[in-house]
Amino acid sequence: MRQWILSTPAAPSRQAAIGSAAHALAGMVQRLGEPGFAPSLLDELVPVLPAASWSVYRTGHRCKPTLFMSASRGVPDTTQDCWWAYLSGPYRRDRTWGRAFEDAPAERLTRLCHVTATEVEGEHRARVYEAHGVAERVSVADYESDGSVFAVNFYRHQHQVPFRDGQISDFEAVAPVLLALARKHIALARPQAMPAVQDHPDADEVLRPALAALPQGLPALRERLLRLQPDLTDRELDVCARVLQGMTHEGIAADLGLGVPTIKTYRNRAFARLGIHFRNELFAKVLGR
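Residue numbers (our numbering): 1 to 289.
By construction, these hints were calculated from the structure, which means they are not laboratory data.
One thing to keep in mind: the hints can contain errors.
Subject to a maximum C-alpha distance of 25 Å in a straight line, what follows is the list of computed DSS-like cross-link-like pairs (lysine-lysine) [said to hold, decoys possible]: (1) Lys64 x Lys264; (2) Lys64 x Lys184; (3) Lys264 x Lys285.
Build the full structure now, drawing on both the sequences and the hints.
Shown next, in the form of structure tokens:
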């Protein structure tokens, strides 16, 4: 595992490869804020770093860990599953960033990180890397002043040959552009039109018209959800249907005989499949708005 600060521009021997990558990345500017940005960028980066998946997230103890985007190429997309596995415990003890999250830098730093699965500690390696066939990660990350890390990560999977030194060097040359593109896409794609219901001071009043417009039977609600996203699992349907009935997390947990954290996990997985973040967006989707 190694970390280093961004260096000066690459040597002339690398200019051709970097020029090709820069041309490809320039096209991604036109896709900023669009739904297909994440898979398209992964495709465009192949001349520089032939990764099978990538993710952009913020993690740390003084922030809410957030997965902003992810995609895979040539393999089943398990990036969401990797994220939930990471949140199940490993993120609290993640040492792959070279320091504890409590050790906040005096000011924001930008670094590159290269780590192989064998260098990752036991539970983290088993749950995230080995369970999903991930063999190697290269990242460009901003180390924030609160100790959190905002990272753009690219992953080699076990069926691929290891990243070469030249590829990592080329990645370093375009890393600042990738970091800027990721931040700009997040800013453009973040839902702006509707406030989050859970943060709304009059949430019950906001939800009441939507509740009245929906069928109240669970089978009918599940059917509507399946029409929207056939990949929803039974448990995800159970949870979302009850959310549409106006139930709280605690109420859903009691109804299904599960813990509240488990309910939140199923809800978050379902929302990720549906491409939404908030409860009001779920109502809007089901009502066809």
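Status of each hint after checking the structure:
For the hint pairing Lys64 with Lys264, the CA-to-CA distance comes to about 14 Å; that is within 25 Å, so the pair holds. Simply put, Lys64 and Lys184 have alpha-carbon atoms about 20 Å apart, close enough for the 25 Å limit, and the pair holds. Restraint check for Lys264 and Lys285: satisfied, since their Cα atoms lie roughly 19 Å apart, inside the 25 Å limit.
The structure shown violates none of the earlier numbered hints.
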